[in-house]
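Enquirer: Below, each chain spelled out in residue letters.
There are 2 protein chains.
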Amino acid sequence: MARGQRTEETGEGARFSGQGHDHAHCATLALARADALCDERGVRLTQIRRRVLEVIWSGHRPLGAYDILATLAQESGGKPQPPTVYRALEFLQEQGLVHRVESLNAFVGCPLPDEQHRGQILLCRACGEAAELVEEQGLKALQRSAEAMGFKVESFTVELSGLCPTCRTEEEV
Amino acid sequence: MARGQRTEETGEGARFSGQGHDHAHCATLALARADALCDERGVRLTQIRRRVLEVIWSGHRPLGAYDILATLAQESGGKPQPPTVYRALEFLQEQGLVHRVESLNAFVGCPLPDEQHRGQILLCRACGEAAELVEEQGLKALQRSAEAMGFKVESFTVELSGLCPTCRTEEEV
DNA sequence: CAGAAAATGCAATAGTATAACAATCGATTT
DNA sequence: AAATCGATTGTTATACTATTGCATTTTCTG
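As given, the protein sequences belong to chains G and Z, one line each in that order. Just so it is clear: in the first sequence, position 114 is 114 by the working numbering, and no numbers are missing. Whatever position you read off the second sequence (first residue = 1), add 173 for the working numbering.
What you were told as hints is all true, and nothing was included just to trick you.
Derived DSS-like pairs (lysine-lysine); straight-line CA-CA distance at most 30 Å:
(1) Z:313 with Z:325
(2) G:152 with Z:313
(3) G:140 with Z:325
(4) G:140 with G:152
(5) G:140 with Z:313
No lab work stands behind these hints, which were simulated from the structure alone. Computed from a predicted structure; not experimentally measured.
Make the full structure from the sequences, and use the hints.
Expert: Encoded structure:
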């Protein structure tokens with residue numbers, strides 16, 4: 001992977017907010033994609049599920065279920081209870097629209113819901129933002145190694161913690 | 174890391190209980206290694222810390238803090254409270270003697286406490302056991318890929334879920 | 001031994017997640 | 001439109017995971 005700086009994308013759906021992107025647009029796009037995908041699959045992106053997804057896409061930081069709950073509670077309409085949010089999150093995960101960040105007990109929007117994958121997530125310890133990494137080689141190597149000892153891999157949880165491009169620069173000052 | 178002794182070892186410290194190993198021995202060894210390591214480092218493997226480590230090494234399944242707490246509560250002596258167990262776990266993690274399994278909110282003994290590493294963990298969804306994988310290539314690839322997009326990796330969380338050799342065989346029947 | 005630092009005890013509480021059951025909604029058939 | 005069935009949501013209660021804050025005890029150091 002070169003340092004080419006293709007347009008302004010990094011390449012594969014991963015992205016931190018720093019690198020000048022229009023987040024409103026990015027969120028709108030994600031919602032539209034979700035609409036289309038659910039329609040296509042014949043599953044229902046109901047109001048509450050959609051609201052939860054919207055809240056998640058309001059930023060690039062993984063949100064806890066109770067953060068989402070608190071946001072929804074401020075909006076007009078009924079105050080949802082925990083199970084409501086958890087059920088929506090379960091649905092969204094099944095559809096690949098959000099990933100659970102295990103090391104944070106939190107949830108983040110998936111920019112690549114079409115493809116089947118268990119997200120490899122980059123987490124900035126300074127600003128708290130997350131981005132998704134798509135990388136095949138490494139996973140393949142891990143899998144080969146696991147299977148060499150007789151283990152059958154079914155799913156991957158890969159979360160890398162560190163500094164995003166923006167925060168890295170700031171710390172280097 | 175001596176590669177001499179590969180009698181019944183898989184190679185790198187990873188191991189599921191199935192493949193005929195004497196677990197009592199394996200646990201005793203882990204405790205002895207912990208004693209030596211703490212001594213060498215000038216830190217104190219106090220009674221309670223050691224008891225917690227013993228409980229963790231009583232099997233190969235990751236245990237939750239409250240599982241450990243419940244076990245300790247049955248033993249003679251005072252009934253410890255949650256903070257006691259969490260503090261012991263914190264110490265053990267700092268010394269690399271146990272790993273936290275993020276996807277299970279649980280803790281497992283580390284068979285390789287000497288080396289600096291963030292465990293790559295294999296989790297059997299059938300029997301619940303865990304084993305550790307040591308694999309450099311894959312991590313390197315992930316890291317390269319992350320750094321290519323400007324992200325500075327500081328730590329890895331890698332947990333692979335699937336079927337251990339034993340359970341895999343049973344399911345294939 | 002005195003004093004400081006580390007470790008533990010203890011009570012309360014914060015944060016995360018699910019169980020169980022009732023009520024409602026949406027689509028389909030009659 | 002009424003009946004029906006499954007999916008979804010509402011509601012209450014509770015289970016599980018983790019930390020804060022302060023008092024007490026133990027261990028180390030001078």
